[in-house]
Amino acid sequence: MLDSMSSKAIFTKIKAMYGHRLREEDFEQLMHKSSVPACAAYLKSQTWYGEVLRDVQETQIHRGALEELLGRAVFEQYSRLVHYAGKGNRFYRYYLIKQEIGMIINAVRLIGNDDPNEFVSAVPGYLLGSVSFDVLSLAACKSFAEVLEVLRRTPYYKVLSELQSGDGGPASLPLVEHALYDHYYKTVLAMIDQQFRGKTAEELREMFCTKAELISVTSLFRLKRSFADSPLQLHEMVLRYKGRLPGRLMEQIVNAQDAAEVLDILAHSAYSRYFDKDNFVYIEYSAGSIRYNLAKKYLTFSQNTTTAFVAFMVLQEIEIENLINIIEGVRYKQDISQMRALLIRGGV
Amino acid sequence: MAIEKMDLVNIKGPLNKLDDTILKCSDLGCFHPKNITPASLAGSKFEELEYKNPYQKLLSRMVTLAGDAGIELKYGDIENLVVDRQEVKAFVSEFSERFLTLQAQRGELQKNIEQHRNALIHLRHLEGMEVSFDKIFSNQYIKVRFGRLPLDSNRKLSYYNHKMFFFFPFDKDESYLWGVYFTTNEYAQEVDDIFSALFFERVRIPDYVHGTPQLAIDLLETQYKDETQKFDTVQKQIETLVSENKARFLDYYRQVRFLCSTFDLRKYVGVANGMFYMVGFIPKGNEKRFSETLRAIDGLTVDLMPEDNDKRFQAPTKLKNNWFVRPFEMFVKMYGIPSHKDIDPTPYVAIVYTLLFGVMFGDLGQGLLLSLAGALMWRFKKMELGPIVTRIGFSSAFFGLLYGSVFGFEHALDPLYHALGFSGKPIEVMDAGTINMLLIGAVGIGALIIMVSILINIVLGFKQHDMDRAIFSQNGLAGLVFYGTVLCGVLGMLTGTSVLNPVVIALGIVLPILLIFFKEPLGKLARGERKISFESGVGSFIAESFFELFEVVLSFVANTMSFLRVGGFILSHAGMMAVVFTISSMVSAGASPVVIVIGNLFVMCLEGLIVGIQVLRLQFYEMFSRFFSGEGEPFEPISVDMAAVQ
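Listed in order, the protein sequences are those of chains Z and Y. Residue numbers for the first sequence follow my numbering, so the first one is 707 and each next one is one higher. Residue numbers for the second sequence follow my numbering, so the first one is -18 and each next one is one higher.
Hints were generated in silico from the structure; no laboratory data involved. Be careful, since some hints might not be right.
Said to hold, decoys possible - Chain Z regions said to be covered by chain Y (calculated; three or more residues, Cβ under 8 Å):
hint, stretch
1, 734 to 740
2, 764 to 770
3, 828 to 835
4, 897 to 907
Note that beta-carbon positions come from the ideal geometry of N, C-alpha and C, so glycine has one too.
Please take these sequences and the hints and turn them into a complete structure.
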């Protein structure tokens, strides 16, 4: 059980860290900047990211380097909290598993890419000491079989080896994503069942299952919009973890004719306030808003440290997503109203 | 416990009267608009108002310019609102052009200065090298790149060990590794790509640098000083330009912002067949004033309907409380806004908060001083907490009267009590016999508060036809019966009366526990679902329900005991004041009053703050969590966005 004295200390620490979050006015200021260096200068001098950006020269910083540093800032928060939690709290490893899965998916996506620099550049250097396999070896993989070889001593090997086709050729990326996410949620939910009971388990399950459900909905929506996959194939894309949508509704989404029908189904579901057809921005925005509101609710009201931890990490990830969107927007001289519309703040 | 009733309003009128309508609505200050969608106007050929705000782009440009120029945007009186958009545009363009030119010069100089500074760092590491740069850079076959590599990227460098380059780091700070890499002409492009992917920041050694590192350092330092002087000059020119134009810029900004905000109110408007439509809510009592004012506009129709007439629109919540209770709305809003299905818990909060604070922090003198401080906080700083402090200060003074404590002087009120016919103070806090009574009393108050909170939840559950909530949950009837029976049992044990017999145990303890245990299937049955399925299997359901039940029982005990702190703080206050007086008796006669004054202030601030927070905690966790969800939408009448203007 995590509810020890140290966990109470983490609870306080989480609240203190959350107090440093970027506010509405920070995002407004950033959107009004005329260049990426100006954004970097603002983040360095006016926000809690200043700590990781202290040695950065705003005029020279590369956008990719800036984004990696922002990711590092969140990882440092994670590491600090886990450090306070001590060795007993194995559950917090869920965050690293997710990062590992993200890197594997990226590696599979880039199989056959002649330029390994793209993968190496995208690997967060700060994670290299924390992951369970040799990430950089993935950069050189020319086939799915080579990716499997790198992952041989990890649990991902068993998950992915089942997807290998007869000639050892590449499995389709959506199937790989599905298998890895399925493995992730199975692992996390098993950890929850093992380590938590009662309200804590309920809150954690809700957060993770909702995320899994949103991944399914997002994938289905995208596939319906871009391809004409048969419902039979799409069934395999669904992560079967119960969130807020009843099974029959998920079936309806799978069988929908097109993306518009998916939207229509969602507009009449438990998520109706996030899928107003007339104010629909994009699917990831709606999914992000749901996650934001759920995490905000639990961080504000839950009395449990682990719930607060997970909720806090979700909110930090969303803050980074928002920042990256703004930095991209500033870089490509996007209209401020467009940037503002993409900002996930829990509004609908 | 009042939430103001609302009327749903539909406004329809010719498009050319839209501005008048928006202005009237804004002036009236009681119209809360809802976003109108095609679905809201089923049957009509609906289109959204596609007017593009003509001020938005200009405003955005001005905000960006102000940010870059360091002009703080403030709202002030608008002397003349008749602004010529073209005139503002021309002014902004000219100001912007001049500013951007200077800013570009400054940026270039800053970049050079940074380059020089970085180059100097490199060169200082090479001071001992007796090789001329001319030789290094004139090599036909080798490419040399100085720069710095992020430490995170350094870890990735190992992946490229087999590539044709050498990287020599010669300095390290907390984030970067400073160094140089060498490669051949043939591989230069590939290696440059690698380092670029690793976010290597190249430091260019200027072309004019010749000779040994020492010579180069001397040259660069001179160059560095020159650039710095030029930078200062440009900086001064920028400051002059900004100060010359600031007043005019701010004047234009206020006007444009004002016009832009007014225009933005059109987002609440839908258009069909040349008519505009608006939907919203007004508080009851405003119907006459509202409809009369709007109907004065030609061609406008205003329909008033009950608030729940259209289920697509959730009525906003406006709390309505009397003068005593109103300040405590702040605490309720901190937790969430009650929806129209809920009740307004503010009066309950006001009574419990005032009482508990007074009980925990009872001192006549300190209480009155606290009230005065609260009044001043409101009078001079308009702090919302001020009126609350005033009220709880009086409560503190009242309980201080019962405890006989004035600024810690425990016998100052004895003559008053004697005059009233008492032998001494009504409650002697530090008396051994009283301590037990205080602690038991505190738990008793807690139990009462918990039961009232559960009762409120039951009423709300029935009101909303939610049987899960009203009957089967721990905060429903089952929880109330269980908790009440256990409390009676404990009371019986304390007084030596046997209350618990097999029938009471079966009906008051076992039955509610079973109801809570089977809450989920029973809830489904109550909702009319015929088939009850356990999603994760029966075994999992039993295991989960068992642990949840265990937690429910534990939380009842923990929540009740949580109120022990009420008694604890009564003792702690008396104890802290006793310490102050002990210290005052240890110092000289002259210093003693100083110790008493400072001690009183210290205790007042520290304990006042802690007690305030503790009572709030009790409210949020022991009361609100039982019945209050806070999912309402605040009532925000249409108005020109003055906050944005500011």
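Between the stretch 828 to 835 of chain Z and chain Y, are there enough contacts, at least three residues with CB-CB distance under 8 Å, for the coverage claim to hold? Holds, because 6 residues of the stretch 828 to 835 of chain Z bring their Cβ atoms closer than 8 Å to Cβ atoms of chain Y.
### Coverage claim, chain Y over the stretch 897 to 907 of chain Z, checked by counting residues with Cβ within 8 Å (three needed)
Coverage by chain Y holds here, the residue count being 4 at a Cβ distance below 8 Å.
**Report entry** Within 8 Å of chain Y (C-beta), three or more residues of the stretch 734 to 740 of chain Z
**Finding:** holds (count 4)
Assertion that chain Y covers the stretch 764 to 770 of chain Z - criterion: three or more residues, beta-carbon distance below 8 Å | As far as the stretch 764 to 770 of chain Z goes, the hint holds, because 5 residues have Cβ atoms under 8 Å from chain Y.
In the structure shown, no violation is registered for any of the earlier numbered hints.
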